[in-house]
Structure formats: C-alpha cells, structure tokens
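J.: Here's the letter readout for the chains.
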Amino acid sequence: MSAVSAKNAASPVERYKNAFDARWQGDDELTALRRAALEQFLSAGFPTQRDEAWKYTNLRRLESRTFTPADTSALDAHQSEWLTTAGTRIVLVNGHCLPALCSQKAQQPGATVLTFKQWIEHEPAAVAAYLKEHDQLGGNTLEQLNLAFFEDGVVVNLADNAVLDEPVYVVHQSTSSASQRMSHPRIFVRAGRNSRATIIEHYLGANDAEYFTNAVTRFEIAAGGSVKHFRVQQEAPRAFHIGHIQAKLARDARYSIHDIAFGASLGRSGITALLEGSGSHAALFGLFAPMGNQHLDAHTRLDHIAPHTTSEEDYRGIAGGKGRGVFNGKVIVRPDAQQIDARQSSRNLLLSPTAEIDTKPELEIYANDVKCSHGATTGQLDATALFYLRSRGLSESDARAVLIRAFAESILSTIDLAPLHAALEKQIDERFKLANEAKA
Amino acid sequence: MLTIKNLHALAGEKQVLHGLDLEVGAGEVHAIMGPNGSGKSTLAQVLAGREGYTVTDGSVTYKGKDLLALPPEERAREGVFLAFQYPVEIPGVNNVYLLKAGLNAIRKHRGESEMDAFEFLTLVREKMKLMQMDESFLNRGVNEGFSGGEKKRNEILQMAVLEPSLALLDETDSGLDIDALRVVANGVNSLRSPERAIVLVTHYQRLLDYIEPDHVHVLSGGKIIKSGDKSLALELEKRGYDWVKQEAAA
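Sequence lines, in order, name chains A and B.
Under this note's numbering, read the first sequence as residues 2 to 441, first letter to last.
Under this note's numbering, read the second sequence as residues 4 to 253, first letter to last.
Calculated directly from the structure, the hints in this document are not laboratory data.
Do not rely on the hints blindly, as some may be mistaken.
What the hints assert, rightly or not - Cβ-Cβ distance ranges computed for the label pairs, FRET-style:
1. A:H123 x B:F121: 55 to 65 Å
2. B:P94 x A:K427: 13 to 23 Å
3. A:Q181 x B:E147: 41 to 51 Å
4. A:G293 x B:R195: 48 to 58 Å
5. B:E138 x A:N59: 48 to 58 Å
6. B:H206 x A:G380: 49 to 59 Å
7. A:E431 x B:F121: 26 to 36 Å
8. B:S150 x A:G380: 22 to 32 Å
A virtual CB, placed ideally from N, CA and C, is assigned to each residue, including glycine.
Given the sequences, and given the hints that come with them, work out the whole structure.
T.: Here is the structure:
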C-alpha cells in the first residue's frame, strides 16, 4: 500500500486531526482552545441525516474530501464580481486578509475595523476570553471545526451612537488551486448602543476550484442598535459552503439579514437570532436558487427569549434542473416571552420536474399571548401568466425568465443598497438566461 | 388577411368549435356575437395559440401563413393581438417593462431596431393619454390591483402601443361602465385603418354603438350560423338569439 492511499484510507476525522497537528502546535491559551474545539469535532464527527437539523442535507460528499488549511494567495487585482460600494472593504483571500486589496478608507468614524489576526496579535488574552465566552460551549460541531482552524477574519466594533453612512463590505474570495483547500473565516460585529451599520459578506471563488468554506459570523447588538446584514453566497460551482450566523439582540435592537444563495455545489446557511431584549426585532429575508445538481439549504432559528419581541421572515426558493433546496424555519417562543409577534413565509418555485424543495416551518411556542403566523407554498410558473407574456411577443424562455425575476424581486426589492440590488438582479437574469430583447 | 375554414376545436376535452368558417379582410371590423357557451372565447384563444385548446380539423390562414403552426409569440410578432377577457395580474413585472419587451420583440422580428428610451416613452405617453390612464400605471405591476375597467383599458393600451395587424377583442366590453366603454371604444377606433382588421367578440350589442362593425356574425353551437351587417346586431339585441338558431335549424 502506498503512502498516498494510506493517507486516503484514514477516516475523515483522522484527516482533520492530521491537518490540525500539521498546522497548530504550541500550548498557548488560544491553541488550547482550538485543540479543545477539535476534540469536540472529532468525537462528534460531521452531522448525519439522523440529526433532525440535517435531515435533508447529506454531508458525506464533503466528508469524503481531504481539505487542507489554505495559505493566503496573492491576488493581483480587484475582481469584476466584487461590488463597488463606498465605505470599508476588507478582502479575505482563502480565509486570510490581504491588506493590499482592502480599501484605504478603512476606518469610518465610530467604527474600529480589525482583522482577527491583528486582534490576536495585539490582545491574545482578549481573543481567548471572547472565544471562551462565545464558542467553547455549545455551537454545532462544524462551528467547533471553525474554531479549531480559523486563521483570520474581521472584527468590527461600533461605538455607542456610531452611525456608519457606508457599509462594511467583506469579500471572501477563494482562488484557483490544484489541491483541495478549506478556509474557516470568522466575522465578529459588536454594535454599541444605538449604533447603526450595514455589513455585506460576499463569498466568491475561482470557477475551477474545489474548496470548503466554513464561516462563522456573529453579531452582538446592544440596546437600540441596528445592524443590516447582507450575505451573498456566490461560491464556485464545485465548492462546499457552510455558514453559521448568529445575532444576539439586546433591548430594542434590530437585526436584518438578506441570505442570498446562488453558488456552491453544496451550500448551507444556519441563522440564529436570539431576541434577548424586549422590543427587539429580527427580520430574515432569503433567496436561494439551486440549479443543475446544486444543493442549497437554509436553516433559520428565531428564538424569542424576551417578551415584546417581534420577528418577520420571508424566504423564497427557486429550483431548476436537479437542484435541491431546503428551508427550515424554526420559531421558538420561551415560556415567559409574552406579547410576541412572529410572521414567517416560505414560497418556492420549481422550474423542472426533477427539482425539489423541502420546506418545513417549526413552531415551538411555550407562551400563550403570542401571534405567530406561517405559510408555505411550492408551485410552478403560472401557465396563464406565461401565455399572457408570450401573447405580447416575448419568447417562452424570456417569459419564464421575466416571471422568475418577478418572483425573486419580492426579496430583492427589500434590498436598499443600489449596487447590491443591481448586481443580484443581473445574477438572476444571467442565471435564468434572460435574453436581450426582454431587457427593459 | 384571415381565413378560417371548417375549424373544429376542443377546449380541454370538450368539442366546442364544430366547423367554423370566417373571412376577415384588411380594413374590416367584424363582430362575432352569440349566446354564452357558443364558442366565442374558444375561437379567440385558439387564434392566439393558448395551450389547452386543440384544433382537430380545419385551417386558419393569416397573411398567407398557417397561423396554427406558429407558437403564441410568433403570432404576436406577426401582428396578431388578443385583448384578454380576463387580463392576467403579474405582480413584480412592471407594465412599462412588458410594453417595451413586447414592442422590441415585435420590432426585432420585423428587422427594425429597438426604440430608444425617449422615443418609447413619448409613444407610450401619447397612447396613455388616449386611454385616459394616469402615468403612475406604468410602474405598477402588470394589471396588479387594477379595477376591471383599468384592466380593460390596459389591454387596449398594449394594443395601441404594439399596433397589431389583426386585433382580437374578447369580451372587452364586459364589466365596463359607460364612461370606460367610451374610452375603450375610442382607443379601438383610433386603430381603425385600411391595413388593420379588428374582430370583436361580444355578448352584447352595446359595444357596437361605439365601434361600428362592417360585418356581424352569429356564433352558435360552434359555427357561424348567420352573417349580416350592423343591422343584424340591432335585431339580435331586440329579438335575442333563438330566432336565428331556429332559422339555421330549418
């Protein structure tokens, strides 16, 4: 047996252990935390479909690959897919910040933006304390994997009353490579009292690359703070993407996310909003569009911990080819959380007989003074509307594209950032082949 | 312009047209009248090419072409326009977008260049004025939340912008109050020209007070059973359809 096949014969968890040992040595506090997280991951392994939260998403293909931690790689220039927004741009290449590509106007008044590497360098004890508090316990096994391997990321600190006029734009760019690489970026945003900010995360990759992104994004929003989060997953076709998003909301805080997923071979976003302060509000908007053999999964969890908290959720899925989509929306209302208003809607469009979307609302309500509504529909393009458009001269494919765009528009129209809105419309049009003649 | 011979068609699985013949020449206005269930709407749908309607026999020739062989968009690009009895609401697609996409598809088919934005808006504004529609309708979803009358006006607006050679109006008068009827009729009359044919499918004579037809046909049991001039419509209004049916059966 050759050395290579012996390596491949190692079990998935052994391969991660080997990768860890090769990358992290020493016995400082942070490495000890990493090691503890690795141990948790090793003992639990990848989630399986026996786990209710992973019922529809099979990770065996991900598990079978041998991914090694990625080094940063030089990237000469701004990529055409990046958004041109004013404000602060941070570029992570294969999970490492590349300062040369970050925008110079990096610090907006009231905001401190650091890379995780910088934070670790300057305040290792604070980083360790933060990770201990937030990550050592709980979290799923893939979040533990992120903790074990993360190299870099972005830390945003908003002072009390800071209002950022321009967004903080974080690009996660994966580059072309012969070997299979993984990156575990981390984003942490601490929003002070009555602060306001917009954070965009954009995940992209070189077309031919097969890689694994396992990202953790955390928000802590103090009383009266408000954060708008846009997350655009546009990974390369062969990529694996797992995102773990958590927002903790204090009194009267607001958090909104647009969870957009177009890319990756297998993609999953897991979003948890913890409504810990009364008067807080979370809004989750999502659009996922699996085509070909893509599998895209959106798992959301709205946890109404405090009374007088509200949430709204609107997800739309579009599946074509043999695409497979999953939406799972869990709403929890804790026993003492009275006066809750939670609305959830999941609408899905199937473009082919072989496409599939599984949608599952889950309500766990332990209080009695609660308004919760949910609705889920799955259907095909409206034949009457298709005929109407064709009877006005639009080709069948254009008529379909126009209706698909209209379906997506109900989510896209809630995006108030013009460059992002335009880029996503373009994506939808390209994805569903809207020809020139129908462009208005 | 349009020759229909011995047309037999199914709506779903039901035989509705039983050998319909009709000849429509350029510049003419024809009214097809008939009781409910006589096949008026089926005829309109078959001509526009809607799925779910199957031609089992007969032929339709339009400008020398086999109309039935063309998909709906090709018919539209060749100049056939159907004003729907029940215009479809399409939230998320702007009215102006549909007008522009339709017009450009038709122009491209004719080998003409796309209209520039200024030219296009000038044209649309002029037609909206004719239809007494507020410009705010342009940026609303197609027929979304429109009243019955607004939907019908919007159909005629589309027709006025697309300038078809053959306009088919399926019960365009139904559900209109007298003022709206006048506006719609004005819009249709503005399109009358020696190159254009108009076919009005209607249950009532009322519309014909405003759009004067050259020919009136009675459709019953899936066939044209009587044809005449505009006086036939008035007679039908007075005497109903039974006498025509009896005459035809005799």
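J.: Take a look at whether the Cβ-Cβ distance between G293 (chain A) and R195 (chain B) falls inside 48 to 58 Å.
T.: holds (52 Å)
J.: Is it true that H123 (chain A) and F121 (chain B) lie within 55 to 65 Å of each other by Cβ?
T.: Given about 58 Å between the Cβ atoms, the range holds.
J.: P94 (chain B) and K427 (chain A), beta-carbon distance inside 13 to 23 Å?
T.: The hint (13 to 23 Å, Cβ to Cβ) holds, given that P94 (chain B) and K427 (chain A) are roughly 21 Å apart.
J.: Could you check the hint for me, namely that E431 (chain A) and F121 (chain B) are 26 to 36 Å apart, CB to CB?
T.: holds (28 Å)
J.: Is the distance from the Cβ of H206 (chain B) to the Cβ of G380 (chain A) consistent with 49 to 59 Å?
T.: Distance hint for H206 (chain B), G380 (chain A) is violated at roughly 33 Å.
J.: Would you say the C-beta atoms of Q181 (chain A) and E147 (chain B) sit inside 41 to 51 Å of each other?
T.: Check passed, 49 Å falls within 41 to 51 Å.
J.: Can you let me know if the beta-carbon spacing of E138 (chain B) and N59 (chain A) is within 48 to 58 Å?
T.: holds (53 Å)
J.: A range of 22 to 32 Å was offered for this pair. Does it hold for the Cβ distance of S150 (chain B) and G380 (chain A)?
T.: With a Cβ separation near 27 Å, S150 (chain B) and G380 (chain A) satisfy 22 to 32 Å, so the hint holds.
In this structure, only the earlier hint numbered 6 is contradicted, and the remaining ones agree with it.
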